[in-house]
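Read off the chains here:
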Amino acid sequence: MTVAGGVIGARVSRAEDVRLLTGRAVFIDDLRPPGVLEAAILRSPHPHARIVRLDTTAAAAHPGVFAVVTGADVKSLVRRPQPLIWRLAPGGPETVAYPLAVDKVLYTGHGLAAVAAVDRATAEDALELIDVEYEPLPAVTTLEQALAPDAPRLHEDWPDNVAGRAVVAQGDVEAAFAGADVVLRETFRFARQWGASLETRGVVATWDPFTSHLDAWVNTQSPHLIRELFAEVLGLSVDKVRVRVPDIGGGFGSKSGFYGDQVVAAVLSRVSGRPVKFLEDRRESFVATVHAREQRIDVEVAARTDGTITGLRGTVHGVLGANFSTVGLSPCWTTAAIMTGPYAIPAVELDVVGVVTNKPPYGAYRGYGLPKANFVHEHVVEALARHLGLDPHEVRRRNFVTEFPYQSPVFVYDSGRYAECLDLCRDAVRRAGWADRVARARAEGAHMGIGYAFHNEVSAFAPSRIVNMSGLDHSGFDEAAVRIDSSGRVTVHTGQTSMGQGIHTALAQVAAHALDVPLDHVTVVSGDTDSAPYTGYGTAASRAAAVGGAAVLNAATRLRAKVLRIAAHVFEASPDDLEISDGVVSVKGVPGRSVTLAAIGDAAYRRPHGVLPDDEEPTLHEREVYDPVNVATAFGCTAVLASVDVETGAVELLGYLIAHDCGTMINPMIVEGQLQGGAAQAIGGALYERLAYDASGEALTRSFAEYLLPTAGVVPPFGINHMETPADHIPGGFKGAGEAGVIGGGAAIAHAVEDALAEFGVRITSLPITPPDLLAAIRAGAER
Amino acid sequence: MKITVTVNGQTSTADCEPRRTLADFLRHDLGLTGVHVGCEHGACGSCTVLLDGATARSCCVLAVQADGSEITTVEGLATTSLSPLQESFRRHHALQCGFCTPGMLAVATELLRDNPSPTEAEIRTAISGNLCRCTGYHNIVTAIAAARDQGDSPNADTPPQPPEA
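Protein sequences appear in the order of chains A and B. FYI, in the UniProt record's numbering the residues of the first sequence are 1 to 784. FYI, in the UniProt record's numbering the residues of the second sequence are 1 to 165.
Certain hints may be false.
Covered stretches of chain A (chain B as the covering partner; in silico rule of three or more C-beta atoms under 8 Å from a C-beta of chain B) [to be verified]:
{"no.": "1", "region": "22-30"}
{"no.": "2", "region": "348-357"}
{"no.": "3", "region": "494-507"}
{"no.": "4", "region": "670-681"}
Just so you know, these hints were derived from the structure itself, not from any lab. Even glycine gets a Cβ: it sits at the ideal position worked out from N, Cα and C.
Could you build all of it, start to finish, from the sequences and the hints given here?
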């Protein structure tokens, strides 16, 4: 089913905005239940150390302190270690991590004790009174250190620091390489980065000792998942846990996992008998929230002289933290699973190797493995073109998947028009006059260049069968309920989470479209597991608009049919002869024969006699559980205009154009916002962001003075061109758009820098591209 | 210590610890939770308020330093209908999660008061001390520019346009 015209596709302003613009939103730190205590966590100053002694006596005696717990205390109050929900292979190694460290601390910032006090300042004062004796141990923070034969082992019952292996394979790789005209090899390195939402993570937990019921406010993207995992860890049935979600100040994946500090808050509430709030301060957020991106990828590509890629093989090393996050090694597996990108590469064999290091856990961040895969396949295309003397766009075209559905090594791509999207982007570059601008700049001695990257994206990561087969120990379906009340107004209930991406507005548009009611007659409600419909996994993986939208569309479409049946009874007409416009049902072609949705609602709830057909159930309510048969592949092309100061190695971005296709767009303005925001994160990842560690394993990056987020001064204006290739298998034809902007940016920026520095032969194989690294590459090129 | 401040036109006197930041004082003692604390060290700008008419990072000001001053927070920018600047932010999708928005509005308010016709470059410079992790800034710049243009001709009411591509 596809939709066209009407409210779906309209650039409407968001329902969320007014509260946010006026200071009326309620974020996690704005919640202050009566009697609430504030928690602080004692964090290890060492990257790796045995806890020899831990004495909390003085802290517990400090005025204003209500509870102090150690790692051992918390362990004794939970039923199991922190859960892992994504296993690539059954029986693989798993870290055993409790919410706080018990015997050993495994990274700088690893929590080992916690205090709840009248306020955060008092709790922090008490932390200083905790007496800890550490026995420092040697630490490993790089992949090479962790894999060295004599490397210190993080988990003493493991034979080494390898945290898991997986293989992504398709076709006959040996034959492809044996028959290749050309084989290219490259190694890529990606630094540690993270979501860094402006609001840190927090929880307000209230334990009821009389009913053993946990009521938790959490700024999470995954309220149902968090409820399930709270129940598992605390040994409760699911009905004993309520998770509520306030306004969220950005998520980007880093608020999707289940964190130990959430359990710590619950335990502190249980011990103290009071509600307990834990909110990361900014400094600790750099070690308490999951990191991402850090990988080393070695690949070989086999090709023919005409540019046809016949084989791809290599290894993806995920440089994990000391303990698994909720999703384990899966972001690194995803890199391998989508390494072929938009290209039909018949033979693939990629090993995925996860390695633990003395750093915080590795988890989700927007893009989830895809930006690295994109960087690799786009580098391969450009390198092959250079090697063979071909136009890189011709190499792209020669290898594009053109027939759908297409079975890639893991996922089936449902639809796409890649060559048209590439043309759309190139046309935009032509219209912008970039080639002339580059020529003029170069004539004046400046170093300016243009770079491209084409991406495709497995969005709507939802089909429960597929996500279970991929190792995810959770469903991915979405449930929605749509109601019309007695005044004819519509409420959409969803399990999806609003975290700034505009999902309430998007779902309201879908319902308003399906019901033909004014948009402002629709309210979307979410964020309370006691009442919200169930969503598998959570709001992540570019799934909310596609899967949540489809669920709402189906429910609203059925509800429309019920409205028409009731109206048909009133008019003694056939439902087929009726239409709804702006919330009024009328007989087609008969002016004056109309009834409002308010009147239908009144009959459905309050005064059914004489209006509601005898065989029609009172109320106006439809529920839908939507579990798609397949994922939906979105795609796009990014072009970047950049200049490089060869004296300093600084890169300046001058233009940024995106051609993009996410199927039917519910609200193009919101899609553009997602692409622009994602692109800014790609810029940060390509040029500025790195979580740095020194040789001893000390975390060096603990504030926004050291971890540089891109500012308005360095992010260029964006230009966006849309195409719409609907997903035929998803009601509405929607595909996901939340992650797209971040995927292709790194490669496009790298290629623009390479183009600007063509005379030096600079090749970019690692991110971020920092001025010192780039300057060294320029100087090395100048000496050649 | 006892301090007296006038916030959004309302004068309050309160006791506060010398170590209390103005941000915490506004949020926790006066209930003005539109002041958002994103970094606690003056890097992100989310907590920016107008302090005696000039923007200030309330996380880097102690409440006792603000004694006797006049403060405007995001709650003071509008009472029952959005200001033209807020309306422009809404029309141009200049906010996503909204966490940075109060700070952005404070900076843009100061900019348009002091320089009613800023260029796009001047707008970018003005907001370059405020981090936004969601929008990529494009629509924030567009919204401030549109509010500027509306200030030039109060009847201007052009619908938002897709970005130039």
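Cross-check of the supplied hints:
Closer than 8 Å: that is the beta-carbon criterion, and the region 22-30 of chain A has 8 residues meeting it against chain B, so the requirement of 3 holds. Judged by the Cβ-Cβ criterion of 8 Å, the region 348-357 of chain A is not covered by chain B as claimed, because only 0 of its residues qualify and three are needed. Here's how the region 494-507 of chain A fares: 4 of its residues keep a CB closer than 8 Å to some CB of chain B, so the rule of at least three is met and the hint holds. Judged by the Cβ-Cβ criterion of 8 Å, the region 670-681 of chain A is covered by chain B as claimed, because 9 of its residues qualify and three suffice.
Consistency with the previously given hints fails for number 2 only.
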